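S.K.: One letter stands for each residue in the lines below.
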Amino acid sequence: EPEVTQTPSHQVTQMGQEVILRCVPISNHLYFYWYRQILGQKVEFLVSFYNNEISEKSEIFDDQFSVERPDGSNFTLKIRSTKLEDSAMYFCASLLLAGAQETQYFGPGTRLLVL
Amino acid sequence: DAKTTQPTSMDCAEGRAANLPCNHSTISGNEYVYWYRQIHSQGPQYIIHGLKNNETNEMASLIITEDRKSSTLILPHATLRDTAVYYCIVRGLASGGSYIPTFGRGTSLIVHP
Numbered sequence: 145e146p147e148v149t150q151t152p153s154h155q156v157t158q159m160g161q162e163v164i165l166r167c168v169p170i171s172n173h174l175y176f177y178w179y180r181q182i183l184g185q186k187v188e189f190l191v192s193f194y195n196n197e198i199s200e201k202s203e204i205f206d207d208q209f210s211v212e213r214p215d216g217s218n219f220t221l222k223i224r225s226t227k228l229e230d231s232a233m234y235f236c237a238s239l240l241l242a243g244a245q246e247t248q249y250f251g252p253g254t255r256l257l258v259l
Numbered sequence: 219d220a221k222t223t224q225p226t227s228m229d230c231a232e233g234r235a236a237n238l239p240c241n242h243s244t245i246s247g248n249e250y251v252y253w254y255r256q257i258h259s260q261g262p263q264y265i266i267h268g269l270k271n272n273e274t275n276e277m278a279s280l281i282i283t284e285d286r287k288s289s290t291l292i293l294p295h296a297t298l299r300d301t302a303v304y305y306c307i308v309r310g311l312a313s314g315g316s317y318i319p320t321f322g323r324g325t326s327l328i329v330h331p
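So the protein sequences, as listed, match chains Z and H.
Position in the first sequence (first residue = 1) + 144 = my numbering.
Position in the second sequence (first residue = 1) + 218 = my numbering.
Treat the hints with care, as some may be off.
Stated by the list, open to error - Not everything, but these chain H residues come out facing chain Z in the computed CB check (under 10 Å):
(1) Ala235
(2) Gln260
(3) Gly261
(4) Gln263
(5) Tyr264
(6) Thr301
(7) Tyr305
(8) Ile318
(9) Pro319
(10) Phe321
(11) Gly322
(12) Arg323
(13) Gly324
Simulated from the structure, these hints should not be mistaken for laboratory data.
As the structure is a prediction and not an experimental result, all values here were calculated from the model.
Backbone N, C-alpha and C fix where the C-beta goes; we use that ideal spot for every residue, glycine too.
Make the full structure from the sequences, and use the hints.
M.R.: Shown next as structure tokens:
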């Protein structure tokens, strides 16, 4: 069964450094998402991406964040200058079509630790 | 999306059926009920969804009341690996990829031996 993959599984970085989290969505999917989950808290939406542009973003997704689909397969989340509070699990998800019956599939996540 | 209410936690004996309730009294006619689960530190996993009729797949059954104001996810023979947080999400028609599921706290299901 096709699945969403994410790399790396774990990332440790120093505060102020840039990180890039990578995702390979399911190959024929058209909509892509990033979520985060701070330890012990809810899964929070960050951004959705369709047709090579951001379609929606939450208030969490401020100027330090950016997303890109650099080629036909990867979908990346860049955090420009990490802060301690960016430590979280980051999940990528993809969706085939924007219908109410369409299922969103999530990747296994990247655990980011900012020191 | 309609708001959902779930119990904070439940437990179930291994091999027995786990019945997880969800209230969605403000659901509208074109909104689907989705269930996901999240095993510790993993990504949310799709389980099942439905609109009006009861649904069954290899993982679970979904029973939706006739008025659609509540539903129950049934894991017919729970195993220890079913220990997870279960999320009930109600979603409507999306346009332009703007669908954003809102994850609440869900129900923490513990399956014990």
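S.K.: Evaluate each hint against the coordinates.
M.R.: Okay, the hints, checked on the actual structure:
Annotation: H:Ala235 was flagged as interfacial toward chain Z, and the flag is violated, the nearest CB pair being 24 Å apart, outside 10 Å. This hint holds: H:Gln260 has a C-beta 6 Å from the nearest C-beta of chain Z, less than the 10 Å allowed. Hint status for H:Gly261 relative to chain Z: holds, with the closest Cβ pair at about 4 Å, below 10 Å. Contact between H:Gln263 and chain Z, as hinted, is supported at the beta carbon level, the nearest pair being about 7 Å apart and thus within 10 Å.
For the restraint placing H:Tyr264 at the interface with chain Z, the shortest Cβ-Cβ distance is roughly 5 Å, inside the 10 Å limit, so the hint holds. At its closest, the beta carbon of H:Thr301 sits 17 Å from a beta carbon of chain Z; the interface hint therefore is violated under the 10 Å criterion. Hint status for H:Tyr305 relative to chain Z: holds, with the closest Cβ pair at about 8 Å, below 10 Å. Interface restraint check for H:Ile318: the shortest CB-CB distance to chain Z comes to about 5 Å, inside 10 Å, so the restraint holds.
The restraint placing H:Pro319 at the interface with chain Z holds, with a minimum CB-CB distance near 6 Å, inside the 10 Å limit. Contact between H:Phe321 and chain Z, as hinted, is supported at the beta carbon level, the nearest pair being about 4 Å apart and thus within 10 Å. Given the 10 Å rule on beta carbons, the hint for H:Gly322 holds: about 7 Å separates it from the nearest Cβ of chain Z. Using the Cβ-Cβ criterion of 10 Å, the hint placing H:Arg323 at the interface with chain Z is satisfied: the shortest such distance is roughly 6 Å.
At its closest, the beta carbon of H:Gly324 sits 8 Å from a beta carbon of chain Z; the interface hint therefore holds under the 10 Å criterion.
The structure fails to meet hints 1, 6 from the earlier list, while all remaining hints are met.
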